[in-house]
Amino acid sequence: EELLQEKFVGAMNDGRPMLLDNGMKWDQLTINPEDAQMLETRRFSVEEIARVFGVPPHMIGHTENSTSWGTGLEQQTLGFVKFTLRRRLERIEQSLEKQLLTAQDRAAGVTIEFNLEGLLRGDSANRATFYREMTQIGVMTINEVRALENLPPVEGGDVPRMQMQNVPITEAGQEPAPGV
7 EELLQEKFVG
17 AMNDGRPMLL
27 DNGMKWDQLT
37 INPEDAQMLE
47 TRRFSVEEIA
57 RVFGVPPHMI
67 GHTENSTSWG
77 TGLEQQTLGF
87 VKFTLRRRLE
97 RIEQSLEKQL
107 LTAQDRAAGV
117 TIEFNLEGLL
127 RGDSANRATF
137 YREMTQIGVM
147 TINEVRALEN
157 LPPVEGGDVP
167 RMQMQNVPIT
177 EAGQEPAPGV
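The numbering used here applies: residue 7 is where the sequence shown begins, and numbers increase by one.
FYI, nobody ran anything at the bench for these hints, they're computed from the structure. All values derive from a computational prediction rather than experimental measurement. All C-beta atoms in this analysis are idealised placements derived from N, C-alpha and C, irrespective of residue type, glycine included. A couple of the hints might just be wrong.
Quick list of the computed label-pair ranges, beta carbon to beta carbon [as the list claims (entries may be wrong)]:
| # | residue 1 | residue 2 | range |
| --- | --- | --- | --- |
| 1 | Val-145 | Gln-43 | 52 to 58 Å |
| 2 | Ala-131 | Asp-33 | 50 to 56 Å |
| 3 | Phe-120 | Gly-16 | 51 to 57 Å |
| 4 | Arg-97 | Ile-143 | 32 to 38 Å |
| 5 | Glu-181 | Glu-80 | 43 to 49 Å |
Working from the sequences, and respecting the hints, build out all of it.
Put into structure tokens, the structure is as follows:
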């Protein structure tokens, strides 16, 4: 076996003819039509099952033709969360609220909600761009961004800021302090 590996495997031996002697026979590796049809049927069955349950094929290990759900795994995962998982989780949330919350809880505005942020997170560059824009226009505070990234809050991070020199909104339009 080592001799065969040495003489016929690798880039240097590619295309090198193999001579068989001592009554050896060459059997071409083929797949018969019935087996090929069975494999195709299995592929189709996997895709159909994924389609019925609304799961992207790549999430169940079927990586052929995975572009039917969008470009890239991130977009496919986003589609799964938006179009399949979110709808199912909303029903579970409603059921849990009905079974677990009292009338007083509901009147006080208590709700039950699954946090899907972890599934919806994009790559770090896209998240950084989004967070930067949200903090610069005062939509999110620094501590809200830090909470989404599982980081501890910082002092002064609960004040919304705006883009102009990134000052707190409460100081917008005021003259800067001398020496600043």
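A quick look at each hint next to the structure:
no.	hint	in the structure
1	Val-145 x Gln-43: 52 to 58 Å	56 Å, holds
2	Ala-131 x Asp-33: 50 to 56 Å	52 Å, holds
3	Phe-120 x Gly-16: 51 to 57 Å	53 Å, holds
4	Arg-97 x Ile-143: 32 to 38 Å	34 Å, holds
5	Glu-181 x Glu-80: 43 to 49 Å	45 Å, holds
Going down the numbered hints, you'll see the structure goes against none, and every one checks out.
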